[in-house]
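Asks: Chain residues, written in single-letter form:
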Amino acid sequence: MSPDPAHDRTVGRGAGQAAYPPVQVTSPTFVGMPKFPKAARAELANAQQRRNLRHATHTIRDKRAHVVAEVDDWEALRVKGADAKDEALTHLADYLERLEESLTANGAVVHWARDAAEANRIVVDIVRAKEVDEVVKVKSMVTQEIELNEALEAAGVSAWETDLAELIVQLGHDRPSHILVPAIHRNRKEIRDIFLREMGAVGRPAPDDLTDDPARLAEAARLHLREKFLRAKVGISGANFAVADSGTLVVVESEGNGRMCLTLPETLISVVGIEKVLPTWDDLTTMLQLLPRSSTGERMNPYTTMWTGVHEGDGPQEVHVVLLDNGRSHVLADRVGRQALRCIRCSACLNVCPVYERTGGHAYGSVYPGPIGAVLNPQLRGTTSDIDRSLPYASSLCGACFDACPVRINIPELLVELRGKVVEESGPTPESTAMKAAAWVLSDPRRLATAQKAATIAGRLAGGRTIRSVPGLGAWTNARDLPTPPRETFRQWWVREHGNEDA
Amino acid sequence: MSPASRGDGPRVALFATCFNDTMWPGTPKATVRLLERLGCRVEFPLQQTCCGQMLTNTGYAAEAVPLVRRFVEVFGDYDHVVAPSGSCVGSVREQHPMIAKDDAVLSSRVAEVAPRVLELSEFLVDVLGVTDVGAYFPHRVTYHPTCHSLRMIRVADRPLQLLRAVRGIDLVELAGAEECCGFGGTFAMKNADVSIAMGSDKARNVLDTGAEVLVAGDNSCLAHIGGILGRQRSGVRTMHLAEILASTEEHPA
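In order, the protein sequence lines correspond to chains A and B. Going by my numbering, the first residue of the first sequence is number 1, and it counts up by one from there. Going by my numbering, the first residue of the second sequence is number 1001, and it counts up by one from there.
By construction, these hints were calculated from the structure, which means they are not laboratory data. Possibly wrong hints are sitting among the right ones.
Stated by the list, open to error - Derived SDA-like pairs (lysine to any residue); straight-line CA-CA distance at most 20 Å:
no., chain 1, residue 1, chain 2, residue 2
1, A, Lys421, A, Asp334
2, A, Lys189, A, Glu413
3, B, Lys1029, B, Arg1041
4, B, Lys1190, A, Ser426
5, B, Lys1190, A, Arg51
6, B, Lys1190, A, Glu413
Just chain A, same shape as in the assembly (with noise of 0.2 Å):
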């Protein structure tokens, strides 16, 4: 990376930055979010929930594994695919403009959003202007992100979800908990209640009949979205790439909704974080081996749907992109961080990881959750709240997550960092305390030797029995005994049979 990404070249139109602040305003839905591990614990008891994300991030996972092994050399498209992405957050501004003269040189609009009220306005007045009250939406985490579906609804629109697991999310009045698989903790029963309880209030029900098998479930879906695809005048999407020499923005998906929205409806928008600029079209040929694979475990998507502004007679007459930041741009302008940007949203990290196997989503209170949400949520909203402050503690360090990741974002390392500016930020507690205790006895071998010595005099006191409880230390003996401390330490020994010339 060179020294200098000119990130504030994006940032600084228009008016001033002091009204705005560099990170993300946590939208309502999140405020208050109680920190991770009480959060984790209640969603551990959730047996019907522990079952379903086992079962659907280990099958994820064997697949993911089986067609990346196949792969002749998939680390080298990993560094391709990082590099790509390297190449343009390094000189993201420069990208941005070429993207955007690219897409107005063919007939799009561009707009620029700071944050997320801006991004909903400006989406918000362009479906007014239509004089709309629906609009069909493909999947896409920035419009999670910003919660436009909330600000639409604010403004009298109705805003129809159109891929399957996100419809049931919403006819739920659920929370997505996973990047890819928004209902991976629901289970089929589960979703034809939701269909049978929720489709009739907002279009066409489900048939009474309903079983829980997939493709009567399926049908349910594909009969329900239909004649809202045929209705609406206006769809919205995110977009999984934006390319910025030729200004083709990119969806993949596997249901073929997305196609629907993208061609159907006369007016189409699109909300696009700035990292997802990509400098070439070439780089699409690494970027779709890596997604796919990494995200479904297939070698190709089934629909893979790219628009390069407005075609007469083709498609939507009327072509918005809505350019965001909401934080990236702090993002960016931390060196170690900044990787966390090159994401692309595919959730193998969370498919691996065996902290959000067990948790699940909603534990991270975010629509980012697993490793990337961990590294991503406290830098892009800061680390203000008891839950941003509480994630880059939601992981055991395993490593598992960056061996998965496709676009090499050493997720470890940024945790570890995280933690530093953690507990930077929170001054004095107790544990700095401890932990400065424990570095001053730990940078000295005579001090090191004393406080060993209380260790040997607890194990002579123990004999030979086991440690079931020790006060204070519920956290680790409420459900595992302790090592019993041994008489006499390594060092001890060492010096009795060797002496102690080097002390």
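Fit chain B to the supplied structure of chain A, relying on the hints for placement.
Replies: Just chain B now, with coordinates in the frame of chain A:
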């Protein structure tokens, strides 16, 4: 300098690690026995303390700087530094460069010393070139590859190569072996519920093997899994890899 042990093989500095030194002295003792049996001259520099991993991983990397400085001073003169811990070796090789990055002098010292620090199985297989270390251990054993040995320093199947050559051993495969046990240092305390959920699954997989001994290259992970197995009164014993490899017919572990 501490007095050299007998042997004509390479001179080796033992980095015992502070946790092993304090809580599990049997592991560095076994490492000394094993390395001397293989002809190494083992030294234990008494000025050593700790790699600083607990501080770094909890967010106190700045407090770990003096420990990194001490580490390169104490071990700087050795061609071979061996530690019976994948995690602490990972901390030295992967994290010390990061901690030292703002100090050019320290940074270059770390770059010299850190690559010479090897986990026990790496030293045995790569430097000594042995997989059969003459061990004898007639028990049913299953091996858990700890995360840092697997994904940070990538010891791969070296520990298994060594274990397979142990005479009398009944080595059985552990289901879900590569999944984290849930220890994770302070994670075990800060996220105790998730840690225990992970550890319980690991313990169940261990029990399913019917093994009487669970072996790994890190006593910290073993304390966590063993703590759960102990609470269940499962009767499964945890042992460090060094202890099994040091075990012989004359001196069984």
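Asks: Below or equal to 20 Å on CA atoms is what counts here, so check lysine 1190 of chain B against arginine 51 of chain A.
Replies: Between lysine 1190 of chain B and arginine 51 of chain A the Cα gap is close to 24 Å, so the pair fails against 20 Å, i.e. violated.
Asks: When you check the alpha-carbon spacing of lysine 1190 of chain B and glutamate 413 of chain A, does it fall within 20 Å?
Replies: Cα-Cα ~19 Å, so holds.
Asks: Keeping to a limit of 20 Å between CA atoms, is the pair of lysine 1029 of chain B and arginine 1041 of chain B held or broken?
Replies: holds, 14 Å
Asks: Does aspartate 334 of chain A sit within 20 Å of lysine 421 of chain A, going by the straight-line distance between their CA atoms?
Replies: Distance ~12 Å between lysine 421 of chain A and aspartate 334 of chain A Cα, so the pair holds.
Asks: Check whether the Cα positions of lysine 1190 of chain B and serine 426 of chain A lie no farther apart than 20 Å.
Replies: Holds, at about 16 Å.
Asks: Would the hint linking lysine 189 of chain A and glutamate 413 of chain A be met if the CA-CA limit is 20 Å?
Replies: Given pair lysine 189 of chain A, glutamate 413 of chain A is violated - Cα atoms ~40 Å apart, limit 20 Å.
Violated hints for the displayed structure, listed by number in ascending order: 2 and 5.
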